[in-house]
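Q: Mind docking chain W on chain Z? Use the hints.
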Amino acid sequence: MNTAHAARFGPSEEGAFVVRAEGLCKRFTGPDGKPFDALGGVSFEVAAGRLTALVGPDGAGKTTLMRLMAGLLHPDGGSLSVLGHDTRREAQAIQNRISYMPQRFGLYEDLSIQENLDLYADLHGVDRAIRAARFARLLEMTDLARFTARPAGQLSGGMKQKLGLACTLVRVPDLLLLDEPSVGVDPLSRRDLWEIIAQMIAEEGLSVVVSTAYMDEAERCDRVHVFNKGEQLAEGTPDELRRRVRGLTYVAPPAKDEPARDLQARLIDAPERVVDAVPSGGEVRFIRRPECALDTLGDLLGASPASARPEELEDAFMLLLREHETRRADEADAARPASGLTMESATHFGAQDPQSVIVVRDLVRTFGDFTAVASTSFDVRRGEIFGLLGPNGAGKTTTFRMLCGLLPASSGHLEVAGVNLRKARAEARKRIGYVAQKFALYANLSVRENLEFFGGAYGLRGRALRARIHAIEAQFELEPAAQSGTLPHGYKQRLAMAAGLIHEPRILFLDEPTSGIDPLARRAFWRTITALSQSGVTIIITTHFMEEAEYCDRIAIQDAGKLLALGTPREVRAKAGDAGRDMNSAFIAIVEQSRREKAEALEQRRAGERAESVA
Amino acid sequence: MSASASGFRVRIVALVRKEMRQMLRDRSNLLVGFLLPVALILLFGYGLSFDVKNAPVAIVTDQPSLGARELVAGIEGSAYLSARPVATMAQAEDLLGSGKVDAIVRIPVDFARREGQGHAPVQLILNGIDSVTASTLEAYIAGAVSKALAHRMDRGQATGGEAGQVEIVQRIWFNETSNSTWYLVPGLVVLIMTLVGAFLTSLLVAREWERGTLESLFVTPVRPLEIVLAKLVPYVLVGLIDLAMCLVAARLLFDVPIRGSLFAVLLSSTMYLIVSLLLGLFISGTTRNQFAASQVALLTSFMPAMMLSGFVFDLRNVPVGVQIAAQIVPATHFMAVIKTLFLAGTDWAMVMRSVLILGGYALVLTVLTRRTVRKRLD
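In the order they appear, the protein sequences are chains Z and W.
At position 28 of the first sequence the residue is numbered 47 (the working numbering), and the sequence of numbers has no breaks.
At position 89 of the second sequence the residue is numbered 135 (the working numbering), and the sequence of numbers has no breaks.
Bear in mind the hints are in silico, worked out from the structure with no lab data behind them.
Just so we're clear, the structure is a prediction, and the values are computed from it rather than from any experiment.
Any given hint might turn out to be false.
[Claimed, not checked] Stretches of chain Z that chain W covers, calculated by requiring three or more beta carbons in the stretch to come under 8 Å of a beta carbon on chain W:
| hint | segment |
| --- | --- |
| 1 | 89 to 98 |
| 2 | 132 to 139 |
| 3 | 479 to 491 |
[Said to hold, decoys possible] Only some residues are given here: those of chain W computed to face chain Z with a beta carbon under 10 Å:
| hint | residue |
| --- | --- |
| 4 | 254 |
| 5 | 260 |
| 6 | 267 |
[To be verified] Dumping the calculated SDA-like pairs for lysine to any residue here, alpha-carbon to alpha-carbon at most 20 Å:
| hint | chain 1 | residue 1 | chain 2 | residue 2 |
| --- | --- | --- | --- | --- |
| 7 | W | 421 | Z | 46 |
| 8 | W | 421 | Z | 47 |
| 9 | Z | 457 | W | 256 |
| 10 | Z | 457 | Z | 46 |
| 11 | W | 99 | W | 188 |
| 12 | W | 146 | W | 118 |
| 13 | W | 421 | W | 256 |
| 14 | W | 421 | Z | 112 |
| 15 | W | 421 | Z | 111 |
| 16 | W | 146 | W | 106 |
| 17 | W | 421 | Z | 144 |
| 18 | W | 421 | Z | 123 |
| 19 | Z | 449 | Z | 476 |
| 20 | Z | 449 | Z | 438 |
| 21 | W | 146 | W | 129 |
| 22 | Z | 457 | W | 257 |
| 23 | W | 421 | Z | 511 |
| 24 | W | 193 | W | 129 |
| 25 | W | 421 | Z | 122 |
| 26 | W | 421 | Z | 105 |
| 27 | W | 421 | Z | 463 |
| 28 | W | 421 | Z | 109 |
| 29 | Z | 53 | W | 424 |
| 30 | W | 421 | Z | 82 |
| 31 | Z | 442 | Z | 425 |
| 32 | Z | 511 | Z | 463 |
Note that the Cβ used here is the ideal one computed from N, Cα and C, for glycine as well.
Okay, chain Z solo, but in the shape it has when bound (with noise of 0.2 Å):
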């Protein structure tokens, strides 16, 4: 027994740590030219055996670490030691021992999916007597047996990343690495992923260390460690972190006829006594700071009744969080909501407009054999939130082309503010805003540059452009002078909506605008597409977090390029049934239940064939 441990381990790991990190540095360039630390002097220890979390916002230092740990980097101070190995000098013997999956694994895209499994079955040495069946349950585990000749360039993103997953489970690794492994996957392929992490290291008693911006998957991890900036704020067993929240959490519900992101919005700006606020389930979900009890509030909460409510290991997240941005203040930009678009959007417009501002009935866009919207229709308010939900390849992205005039629909009826968009395409775009998920900006001029450009480019000129400008710059405080390509990714994004605001349309087309940014800088978000409701402006949004829906007045589900589901979260929530807790879970069982039904009534035309075809 305790040879064979010794053999696993390596001689010089006496316990059973198989990470051992001691005052860990990296230092990168920046954007900017200047140095920054990705890791600051970072100790910590993994034991062998269990599942270990790595959890932060991005710019975390998360990646480094894992880099650092796969000898991929070299530390810049400090020792960091890997199944007792050194990163520095013994690189290789660690690459022969570990298997680790990047974020963004890299598939041989020409080759099929049984060509990538063979080749790293090749590279590992994996032995051709078991290999047949190890890819049998690999296959069988990520539903990809049916597509083994399919390239892998060809895969759904759901479907290449347990491709990935696979790729690296080839053989049983003495570690494993998983750099957020469910990054940019939709809900049900993030569950199908964990499911195969989780049955991996029941059977086989893996040490795993994982990586991930999901509390959530934090939530099933036996250790989590938490990190942001190149620092780690805590560690600890999941209920060891919550344990640090207890007391502070509380739900309230909004008043009567108002939005729950209205009352949400009060909450978190009083940053210095309230930690964060989210509306969930139609209600506020919130922190209070330990410092203020919850009887200081009462001029936030007005007349709702806040009750407590269990501790989250997200809300021990959030705190750890904004205290430690509260630490560095200097640079807790990210964290602060644009103020000056609170003060301005005072004059509220109060319930919604039942005048629609979109109208789509029927809309169809086929590609060639492949229809990606199927007989759409729904109409989006003046003054609304309307998101659009679905998984990847659902038809979100062709919808939204359509309606923001990018792409002509196959058929059907399309108005947006008023215009006929088969018709006068150039009409209705001039009373649009775009914000693609790729920001396009210019990474070589100035803030105040691109602001010139993309007024330009609407027909702004001269002093009315000059004007628009500084209010512009005022509301989401903009730096004018500052270089676009150096910013920070939350600046970007401000600066991004600047631009696509720029020419004060009436509609906001946001496409996927928080994929990519931390928690903090999620919630300015969130605030400022608030405000701007407020001010009138229709806004319609895609996301795939789905606990983002709860800021919306209406949401739309499509999968498979149809039309699942539509109404306000909580209508939504209630066709999901018992399964509609929250957002993610609702989203989850109306996706299946429409897959489900589709199984059926294909196995029920079958049967009716077969039958027809025997009578």
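A: Only chain W this time, still in chain Z's reference frame:
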């Protein structure tokens, strides 16, 4: 030890298979690898020629005489020239100015008289805009004129034949007909090897960096050298197929003799091909960007191979600085050998010297390329 050796074999086979599949499935590879060489062979073989054929020459005869007539007949009789008699010098100058003729031959008034004295000058005016054509033409016309005179002397019609007069007989060795195809086709082999090598491979490592496939590959037992070697194999095959196409085309289409040993041709070509492929891989691994890599490859391998290797310009006639630069270009060493092998024969000392020089390049480039895929992301 044997376990690690078999591990190496399994990995290299797996990697080569992967590279082969990737190459065969990417149509643009095959286009550059096979279609472009064919296009180059046809272009250089048929389209590009420094030869002069049926060049129009204006002839102005100021005073007709028997000697003048025979001289015109001599020019007319040349396969390379076609005579166009004109009445006046002014007319001839117009024709030359408008490019309708390439040269003027003027037979002066006192031609017959001075011919009798054994010293009869004939004026030759050439269009020097294209100096290569002009000097070729000069030689042809001089040849035709002296041939006509020689005929007359044979028949005793001309008297300048004093005792001891030396007749210069021109002869060109190796490329007896002075056919430019003969000297372009061996150069073409160099160009195609360079193109296939540097251009195709310049995309390989950069693509893996861009698509993030190297990061996954790095964290396996694979060694950097294995990655480099596996990338060479499929493209050496492509290069050898191209070489075979060149040899067949040289022999069957253009009747270029291949006088040296076929083994020496293969040996030096394979060596140069490997250098060229490694240069492409090195550029690719250094730039880590497909677009930049292909641009750099074009500038640092194809252009020097075209300009500096002695393909177009004789290196002995260029300034010392350029000569030194040319010696650095691997193509120069291969160019000299392959021309000798095609047109003169096997000079083993020369072949071995070039193979050694190219081998040195291959070694240095292997070390450098291996460094570009060392398993580090910083």
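Q: Indicate, hint by hint, whether the structure satisfies it.
A: Consistency of the hints with the structure:
no.	hint	verdict
1	89 to 98	holds (count 5)
2	132 to 139	holds (count 4)
3	479 to 491	violated (count 0)
4	254	holds (7 Å)
5	260	holds (7 Å)
6	267	holds (5 Å)
7	W:421 x Z:46	holds (18 Å)
8	W:421 x Z:47	holds (18 Å)
9	Z:457 x W:256	holds (18 Å)
10	Z:457 x Z:46	violated (27 Å)
11	W:99 x W:188	holds (15 Å)
12	W:146 x W:118	holds (18 Å)
13	W:421 x W:256	holds (15 Å)
14	W:421 x Z:112	holds (12 Å)
15	W:421 x Z:111	holds (9 Å)
16	W:146 x W:106	holds (15 Å)
17	W:421 x Z:144	holds (19 Å)
18	W:421 x Z:123	holds (17 Å)
19	Z:449 x Z:476	holds (10 Å)
20	Z:449 x Z:438	holds (11 Å)
21	W:146 x W:129	holds (12 Å)
22	Z:457 x W:257	holds (18 Å)
23	W:421 x Z:511	violated (33 Å)
24	W:193 x W:129	holds (15 Å)
25	W:421 x Z:122	holds (17 Å)
26	W:421 x Z:105	holds (15 Å)
27	W:421 x Z:463	violated (32 Å)
28	W:421 x Z:109	holds (12 Å)
29	Z:53 x W:424	holds (16 Å)
30	W:421 x Z:82	holds (16 Å)
31	Z:442 x Z:425	holds (13 Å)
32	Z:511 x Z:463	holds (13 Å)
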